[in-house]
Structures are given as C-alpha cells and as structure tokens.
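> Now for the letters of each chain:
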Amino acid sequence: DTAVSQTPKYLVTQMGNDKSIKCEQNLGHDTMYWYKQDSKKFLKIMFSYNNKELIINETVPNRFSPKSPDKAHLNLHINSLELGDSAVYFCASSQSADGEQYFGPGTRLTVT
Amino acid sequence: GEDVEQSLFLSVREGDSSVINCTYTDSSSTYLYWYKQEPGAGLQLLTYIFSNMDMKQDQRLTVLLNKKDKHLSLRIADTQTGDSAIYFCAETPSGYSTLTFGKGTMLLVSP
Numbered sequence: 001d002t003a004v005s006q007t008p009k010y011l012v013t014q015m016g017n018d019k020s021i022k023c024e025q026n027l028g029h030d031t032m033y034w035y036k037q038d039s040k041k042f043l044k045i046m047f048s049y050n051n052k053e054l055i056i057n058e059t060v061p062n063r064f065s066p067k068s069p070d071k072a073h074l075n076l077h078i079n080s081l082e083l084g085d086s087a088v089y090f091c092a093s094s095q096s097a098d099g100e101q102y103f104g105p106g107t108r109l110t111v112t
Numbered sequence: 113g114e115d116v117e118q119s120l121f122l123s124v125r126e127g128d129s130s131v132i133n134c135t136y137t138d139s140s141s142t143y144l145y146w147y148k149q150e151p152g153a154g155l156q157l158l159t160y161i162f163s164n165m166d167m168k169q170d171q172r173l174t175v176l177l178n179k180k181d182k183h184l185s186l187r188i189a190d191t192q193t194g195d196s197a198i199y200f201c202a203e204t205p206s207g208y209s210t211l212t213f214g215k216g217t218m219l220l221v222s223p
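If you read the sequences in order, they're chains A and B.
Everything in the first sequence is counted per our numbering, starting at 1 for the first residue and increasing by one.
Everything in the second sequence is counted per our numbering, starting at 113 for the first residue and increasing by one.
Some hints could be false.
[Said to hold, decoys possible] Heads up, simulated DSBU-like pairs for lysine-lysine below, C-alpha to C-alpha not over 35 Å straight-line:
(1) A:Lys71 <-> A:Lys44
(2) B:Lys168 <-> A:Lys36
(3) B:Lys179 <-> A:Lys41
(4) B:Lys215 <-> A:Lys67
(5) B:Lys215 <-> B:Lys168
(6) A:Lys22 <-> B:Lys180
(7) A:Lys22 <-> B:Lys179
(8) B:Lys215 <-> A:Lys44
(9) A:Lys9 <-> B:Lys179
(10) A:Lys67 <-> B:Lys180
(11) B:Lys180 <-> A:Lys71
Hint data in this document are derived by calculation from the structure and do not stem from the laboratory.
Whole structure, please, built from the sequences with the hints as guidance.
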C-alpha cells in the first residue's frame, strides 16, 4: 500500500492556467506538508497543515493555495501558472508536528 | 536563517564504504535526517538521529553526529550500485515541523 500518494505524477500545462495537485496519506498522520524542489534539486517547504489547520506558510506567492478537506488529504491549487513554477512538488506527512516526515513520489510540473 | 551544507558529488567503487558529510548551522536542531532520492523518484527516509545521540547504526548505515562541530555523516558500508542516488541531509529544530534540506550529494557507485 502506498503510504503517501500524489496525483498526477506529471503535469504539463501552459502559462496562465489554473491547476491542482492532490495528496493523500493513509498513515493516520496528523501533519501534512508541501515542498517544492527546483531544477537544482533544492527542497524548500511551502506549507504545513496540522489536523487540517495551516501552521506553516512560508513566503510563497498567494497564487498557491493549499486546501485540506480532511486529515488525510492536502491538495495544492495553483492559479495563473508561471514559467518559474516549473518544479517537482512533494507532499509529505508526519505523525505529529515534530515527527519524521514521509514523502510522496512527487509531481513534476512543467509550465510552457 | 538555518543553513545545511553538503558536498555535491561522491564517487566510489562497489564494495567500498561511502561517507557523505553534512554541516548545519542551527544549534537548536533536534532531529537530523538522511533521505535518499533515486532518479525520478520521491524522497525515501533512510534514517534519523536525535541531537542527544552520537551514533546510530542501522544495518549498512551508520550515522555519526558531532554536535559541537554541527557535523553529521552517513556511512554506507559495502556500497552497492543500487545505492547510487542523491542523499539529502535535513534538520528540524525543536518546536518546528519543517525540514531544512541540504542541496543533496549525488552518490555514484561504479562496478
């Protein structure tokens, strides 16, 4: 069973479009995260939710909006996509806010 | 802010030991992690160590922590070609949940 899953795995879209990436974890964890990995493989936190509440919101354009319908899901919606949004986006989860984090397989977003 | 540094590349022969090094600046780091990323894949948690430990061994993996020098290393014994991947060091300070990652060390294992 996949512990942390993301869909889609690949997403190619044009500038200006709006797209969503979905994340689900079946580990019963309380905390979920979104990370962005740029072309140089550098990973940076974007958001963190604990029990469906936003607890970390790093400096990210407000075109990015996370949504957590329940503890097992954290979706990422991106409005008005730009070329610089091209990256791999990783979802992660942890049992608690300080627990070790388990990552999903990533979604490679390409904006043309 | 927090900073985590790693060397970018390491090449070893199959059967040798690999040592990947990491330094961090945040003295309040509580949890330190090693993640492995194979080509085109997600991040896999390999092992972690708490800041009150000096060493942790898990099969072929040995993590050493020098808290005074803020230096973390990952030793892989009997390195195999399947160990070829990018290895990320990451830390999180007490009370926070986010990880600060290094830029990753690409390990290339040749037969």
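> A separate judgement is required for each hint: does it hold in the structure or not?
So, going through the hints one by one against the coordinates:
For a cut-off of 35 Å, the pair hint linking Lys71 of chain A to Lys44 of chain A stands: about 22 Å separates their Cα positions. Distance hint between Lys168 of chain B and Lys36 of chain A is fulfilled; the C-alpha atoms sit about 29 Å from each other, no more than 35 Å. At most 35 Å may separate the alpha-carbon atoms for a hinted pair to count; Lys179 of chain B and Lys41 of chain A meet this at roughly 26 Å. Distance restraint check for Lys215 of chain B and Lys67 of chain A: the Cα-Cα separation of roughly 28 Å lies within the 35 Å cut-off, and the hinted pair is therefore satisfied.
At most 35 Å may separate the alpha-carbon atoms for a hinted pair to count; Lys215 of chain B and Lys168 of chain B meet this at roughly 23 Å. For the proposed pair Lys22 of chain A and Lys180 of chain B, the alpha carbon gap of about 41 Å is over 35 Å, so the pair is violated. For the given pair, Lys22 of chain A sits about 38 Å from Lys179 of chain B by alpha-carbon distance, which is inconsistent with the 35 Å threshold. At most 35 Å may separate the alpha-carbon atoms for a hinted pair to count; Lys215 of chain B and Lys44 of chain A meet this at roughly 10 Å.
Simply put, Lys9 of chain A and Lys179 of chain B have alpha-carbon atoms about 38 Å apart, too far for the 35 Å limit, and the pair is violated. At most 35 Å may separate the alpha-carbon atoms for a hinted pair to count; Lys67 of chain A and Lys180 of chain B exceed this at roughly 41 Å. Distance restraint check for Lys180 of chain B and Lys71 of chain A: the Cα-Cα separation of roughly 39 Å exceeds the 35 Å cut-off, and the hinted pair is therefore not satisfied.
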